[in-house]
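S.K.: Chains as they are written, first to last, in the working numbering: chain V, 1059 to 1318; chain P, 2 to 433.
Hints listed in this document are in silico derivations from the structure and should not be mistaken for laboratory results. Take these hints with a grain of salt, some might be off.
Have a look at the derived ranges for each label pair, beta carbon to beta carbon [to be verified]:
no. : chain 1 : residue 1 : chain 2 : residue 2 : range
1   : P       : ASN396    : V       : GLN1075   : 48 to 58 Å
2   : P       : THR119    : V       : SER1210   : 49 to 59 Å
3   : P       : ASP425    : V       : ASP1074   : 45 to 55 Å
4   : P       : GLU76     : V       : ASP1197   : 36 to 46 Å
Residues from chain V that face chain P, not an exhaustive set, calculated with beta carbons under 7 Å [stated by the list, open to error]:
no. : residue
5   : ASP1134
6   : SER1137
7   : GLY1140
8   : ALA1157
9   : SER1166
Using N, Cα and C, we set each Cβ at its ideal position, and we do this for glycine too.
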Amino acid sequence: MTTALEIKNLHVSIGDQPILKGINLLVKQGETHALMGPNGSGKSTLAYTLAGHPAYEPSAGQVIFDGKDLLEMEADERSRAGLFLAFQYPAAVPGVTLAKFLRQTINSRRKAQNPEDPGISIPEFRRLLTKKMDSLGIDHKMAGRYLNEGFSGGEKKRVEILQMSVVEPKIAIMDETDSGLDIDALRVVSEGARRLQEEMNMGILVITHYQRILNYIQPDYVHIMLDGRIVESGGPELALELEERGYDWLREKHGVLEVA
Amino acid sequence: MSTFNKDAVIKLSASLNEPEWMLQRRLQAWALYESLPMPTTKDEEWRRTDIRRLKLNEIGPSVNGDAAVNTAIPEFLGKELTEDVAGGRMLQVDGVVRQYELSDELKAQGVIFCDMHTAVSQHPDLLQKHFMTEGVRPDEGKFAALHAAFWRGGTFLYVPKNVQAAAPLHSVLWSVNGKTFTHTLVIVDVGAEAVFMDEYASAGGELPGLHNGCIELLVRDNASLIYAGLQDFGQNIWQFNHERGRIGRDARLDWVTSVMGSRLTKAFQTLELDRPGGWGRMSGIFFTNGRQHLDMDTQQNHNAGSTTSDLLYKGALRDKSRTVWQGMIKAQPGSQKIDGFQANRNLMLDKTARADSIPGLEIEADDVKCTHASAIGQLDPEELFYLMSRGIPRNTAVEMSVQGFFDPLMRRIPFEGVRNRIFDRIVEKIYT
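Turn these sequences into a full structure, and let the hints steer you where they fit.
M.R.: In structure tokens form, the structure reads like this:
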């Protein structure tokens, strides 16, 4: 059975300010969707809301993930159910090494399945980590560093994809993974995500400003978001059109004022 | 039950078969104790620590024969002592040696590692010269004097000139009766090196107990000492400590202090950088909960130029516990080219806890680099969300975050087994 992420009429406000004004979107396992839109259109709010950030409380709507009510689940439960968010700005966790963190993500999954599980053995974990780090061109020394502390922009993004490959989600949201990456890093990171899609039939929702990442992760569907709504959906050609014409024609078409 | 008085001093000394010189020192210290007033919150150093509820004579001294010598010790202590990599191991229960081992290699190197009473009888020259003469002196305060009169048990370590102790030393002082007056005296002679881990713990209980301890760390020219003093007393214990490290020319002292237990702790910890090229680092790890009260008074005294001191004390607080850190960096006139740093960071896990962080500088030289920092913060919700977003349950995320707060300091504790046990204690304290 394939898993799907189904967003129905989702509304989210921050304080008194409505940010998402009725999002509808269906992402199935194996599919690639691109969500594009200018700054302030609500893309990252959608990502955080889906991941379960406590500051983003939906005021209306529903999200069904794998047949379950996603909005009723804590952030950790959502992750264990198979939803992953690659953060645009991953938090630094001082004092916790990347290796310790990744081992804990694996063990938390195993313990949720079976409370008696002793956790992954150190040699097995080491083998797994070495393999995954190599495939993303991450220096092994990174494993002993504190998570995201002092990492460069490119290192942070690679490590997000490393986490993705360790937890093997059913559906991954990549929030502006392309921002701040040079071409080489972008290629490695995109290939990593695509490989996971091929190996495990992962569904991907790519959130981006630019067409660039879509050259590496080709979308089946492209959605345009303006002012908290998805105003246009289509195939890959929509992204190319956007690249050529910008957002203004869409603003005009849908009567949306540019956000200052 | 005996109380603190002159007869008790004589009785204690006799029960330990001490030589006359030590009895005389004890009696002098007792006279000094009697001449000093009990500290009150009117004294600057005691302003934030009220000990009016302490009834010293309801606790009384620790005399030979009053210890429950045959009681079981906690399994983890014994296990650790046999599993660690130490070349010298000693376990004392209420001042009486229960287990002792020193490797042939260390013996052949001339390393002396024994309990303090053995040291008094077998190494009188060293003791007469160095016991409470240049490290901590009896006249430093009421509790230093009380210790000098009633000290009992503890550890002596001497590493001869130019000897690199072949393996670390490990001492565990376990108390069942909750009355300990242990003394640690470490002398690392010129050009020598050692790693020593010194643990203090007690069983806990309903009745109030007392730890009146003293730590003297003498690191001679070109010598190096890594010293970790780890305290995990029951929350019935009043702790009063005087601790001092002296650092010679081009010598190094890496000093780690961990405080998990006690009802109330007042500790004076002083680093003396006596000669150029000296380096001293003080690392503090503490976690208080319930109504624990912890007051650490630290001094970094740059008595010579071209010396470096680096202090970082980190505390986590829960419930209605309270901590005070008051730090001072002093540079004597003429102590040029010194580098002194002090920082205190506190992690408030409950709004009801309180941490006072009081850095200070007294600099009487002009070509110096002295800085301080202090911070009080809470767990970062973004950090917790990030951990949870990878499937880690909230409790585990909190544990990781609190452990992470201490991790850079924990890495300075020389034994992995002990490090892990303190990590476990930290997790326990998050929930108790």
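S.K.: For each hint, tell me whether it holds in the structure or not.
M.R.: Evaluated hints:
| no. | hint | verdict |
| --- | --- | --- |
| 1 | P:ASN396 with V:GLN1075: 48 to 58 Å | violated (33 Å) |
| 2 | P:THR119 with V:SER1210: 49 to 59 Å | holds (57 Å) |
| 3 | P:ASP425 with V:ASP1074: 45 to 55 Å | holds (46 Å) |
| 4 | P:GLU76 with V:ASP1197: 36 to 46 Å | holds (41 Å) |
| 5 | ASP1134 | holds (4 Å) |
| 6 | SER1137 | holds (4 Å) |
| 7 | GLY1140 | violated (10 Å) |
| 8 | ALA1157 | violated (13 Å) |
| 9 | SER1166 | holds (5 Å) |
Consistency with the previously given hints fails for numbers 1, 7, 8, ordered from lowest to highest.
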